[in-house]
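Visitor: Listed below, chain by chain, are the residues.
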Amino acid sequence: TQLLEQSPQFLSIQEGENLTVYCNSSSVFSSLQWYRQEPGEGPVLLVTVVTGGEVKKLKRLTFQFGDARKDSSLHITAAQPGDTGLYLCAGDRGGGSQGNLIFGKGTKLSVKP
Amino acid sequence: DTAVSQTPKYLVTQMGNDKSIKCEQNLGHDTMYWYKQDSKKFLKIMFSYNNKELIINETVPNRFSPKSPDKAHLNLHINSLELGDSAVYFCASSGRWTAGANVLTFGAGSRLTVL
Numbered sequence: 001t002q003l004l005e006q007s008p009q010f011l012s013i014q015e016g017e018n019l020t021v022y023c024n025s026s027s028v029f030s031s032l033q034w035y036r037q038e039p040g041e042g043p044v045l046l047v048t049v050v051t052g053g054e055v056k057k058l059k060r061l062t063f064q065f066g067d068a069r070k071d072s073s074l075h076i077t078a079a080q081p082g083d084t085g086l087y088l089c090a091g092d093r094g095g096g097s098q099g100n101l102i103f104g105k106g107t108k109l110s111v112k113p
Numbered sequence: 001d002t003a004v005s006q007t008p009k010y011l012v013t014q015m016g017n018d019k020s021i022k023c024e025q026n027l028g029h030d031t032m033y034w035y036k037q038d039s040k041k042f043l044k045i046m047f048s049y050n051n052k053e054l055i056i057n058e059t060v061p062n063r064f065s066p067k068s069p070d071k072a073h074l075n076l077h078i079n080s081l082e083l084g085d086s087a088v089y090f091c092a093s094s095g096r097w098t099a100g101a102n103v104l105t106f107g108a109g110s111r112l113t114v115l
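Note that the protein sequences, when read in sequence, are chains W and F. Residue numbers are given in our numbering: position 107 of the first sequence equals residue 107, and the series is strictly consecutive. Residue numbers are given in our numbering: position 55 of the second sequence equals residue 55, and the series is strictly consecutive.
I should point out that these hints are in silico values taken from the structure, not numbers from a laboratory. Check each hint, because a few of them may be wrong.
[To be verified] Derived DSSO-like pairs (lysine-lysine); straight-line CA-CA distance at most 27 Å:
{"id": "1", "chain 1": "F", "residue 1": "K36", "chain 2": "W", "residue 2": "K108"}
{"id": "2", "chain 1": "F", "residue 1": "K44", "chain 2": "W", "residue 2": "K105"}
{"id": "3", "chain 1": "W", "residue 1": "K105", "chain 2": "F", "residue 2": "K36"}
{"id": "4", "chain 1": "F", "residue 1": "K41", "chain 2": "W", "residue 2": "K105"}
{"id": "5", "chain 1": "F", "residue 1": "K41", "chain 2": "W", "residue 2": "K108"}
{"id": "6", "chain 1": "W", "residue 1": "K70", "chain 2": "F", "residue 2": "K41"}
{"id": "7", "chain 1": "F", "residue 1": "K19", "chain 2": "F", "residue 2": "K67"}
{"id": "8", "chain 1": "F", "residue 1": "K67", "chain 2": "F", "residue 2": "K52"}
{"id": "9", "chain 1": "F", "residue 1": "K40", "chain 2": "W", "residue 2": "K70"}
{"id": "10", "chain 1": "F", "residue 1": "K9", "chain 2": "F", "residue 2": "K71"}
With the hints as extra help, turn the sequences into a complete structure.
Guide: What follows is the structure, encoded as structure tokens:
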């Protein structure tokens, strides 16, 4: 079974601090996605990384896909209370558009003003 | 317009009852899914349908029966509800690959509580 280990599970920081969330696996994925989920809502896609070593930036969020396509990280610079939420990484096992995504267990981020 | 809508949002019922959750997407996607999110927020796939055809059926009790009348709808019927079925159930859909990846659009979830 392919597992995605996500860490840390919980993160509570002050506004303005930086943080990094990690997503690791022993398996190779064709792509890796990051979602953010707010209470009472479904996960919403933030970014997809496809190429090994790829780095994508979304304002204060930086996403990186490992060279071997087994791991990924999400770095947030100068966190704000609006960043609070559950961050989920999801690995695509490949094989087309037939739902081969597996999810990590999530990182619950709380940013205090 | 909500892209993926599921009803009801909350469902409280007794053990042993039968209940259904409905899902509709207006994105024109070919593939729809049901995911279960437990109390620890772990999101696990249950079923996947592509153009009304069952593609993925993970290890789920046969008390759970999905039905897809057309590619825009995927309903979930649960028989003989058990306490352990309490969770948030998410419907999702995906279309053609976007930039080489299978991207999901989720509904807002249906919180099922079995008493």
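Visitor: Need the list of violated hint numbers for this structure, in ascending order.
Guide: Violated: none.
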